[in-house]
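Q: Sequence:
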Amino acid sequence: MTRGARANGATGWGDRVLGLLVLLALITGVPVPAAEHYVVGVENIDYRPYQAGHTGVFEGFGRELLDAFAAEAGIVFEYRPLPPPRLLASLLQDRVDFKYPDDPGWTPEARAGHVIHYSRPIVAYLDGTLVRPERLEQPASMLRVLGTVVGFTPLAWRAALDSGAVSLRENADFSALFQQVLSERVDGAYANVAVARDQSRRLLGHPDALAFDRRLPSARGDYRLSTRHHPAVIERFDRWLVERADRISALKERAGLSETDRSRDAVD
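Numbering (this note's numbering), first residue to last: 1 to 268.
Be aware that a few hints might be false.
For each label pair, taking beta carbons as the anchor points, the in silico distance ranges come out as [unchecked claim]: (1) Ala71 to Arg201: 43 to 51 Å; (2) Leu203 to Ala165: 29 to 37 Å; (3) Ser167 to Val115: 30 to 38 Å.
Hints in this document: simulated from the structure, not taken from any laboratory. As the structure is a computational prediction, the values presented were derived from the model and not from experiment. All residues carry an ideal CB built from backbone N, CA and C; glycine is no exception.
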């Protein structure tokens, strides 16, 4: 996978804080210091259960988590949904203050020469290869055409893609990707496993239209919050993640992401 102006519809806790500060200043006549204000670049796609920004409003687990931290830290996060391929460039060009989600292993060549500060791991992810159930456990050599959603690089398949053994076909969204696999126009889909299950349930009525093949290339990691110029905020965020571990676990449970973390811990 690869941030000013207000994001369309990006209202919420931050706007209420600013409004209350202004009202307090008007009533008392005493200037009130403005809260720290930061722009967070987020993905403008439907990536539930992790988060979603396809409507122009950032929502889901990622929003709840960052809002909870901001409320306790007394800062304001403004969320700016952007296409995933533009997010890292927006951070490196100082168009946004923070990027979420991020992982230092994504497009490392684009990060070379830049100092980026990353938070502690927030939530685990598993990106893997999904196939029609009848193709489970076939050898990797049988997969010649791999599908994915535009903007996402199947890192686990990089060697096969670079050698030409596998070709890549990008799709505009998960609906198109699923149809490509189910109609056998591609041999498999590379996607986040939890997201694919959620999208399958929403689009096709059940979560297992495609099966995650554990024998095929996959990649595990953790979503983090990143910044170039605000390491002190990252340090505060890291402390908050530790101090509010129970609250964060409850947010994961409500979003259906607890199993993802348990799966990572079981493997590690």
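Q: Check the following: the C-beta atoms of Leu203 and Ala165 are separated by a distance inside 29 to 37 Å.
A: Holds, since Leu203 and Ala165 (Cβ atoms, about 30 Å apart) stay within the stated range.
Q: A range of 30 to 38 Å was offered for this pair. Does it hold for the Cβ distance of Ser167 and Val115?
A: 36 Å, holds
Q: Between Ala71 and Arg201, does the C-beta distance stay in 43 to 51 Å?
A: 31 Å, violated
Violation of the numbered hints given earlier is confined to hint 1; every other hint is satisfied by the structure.
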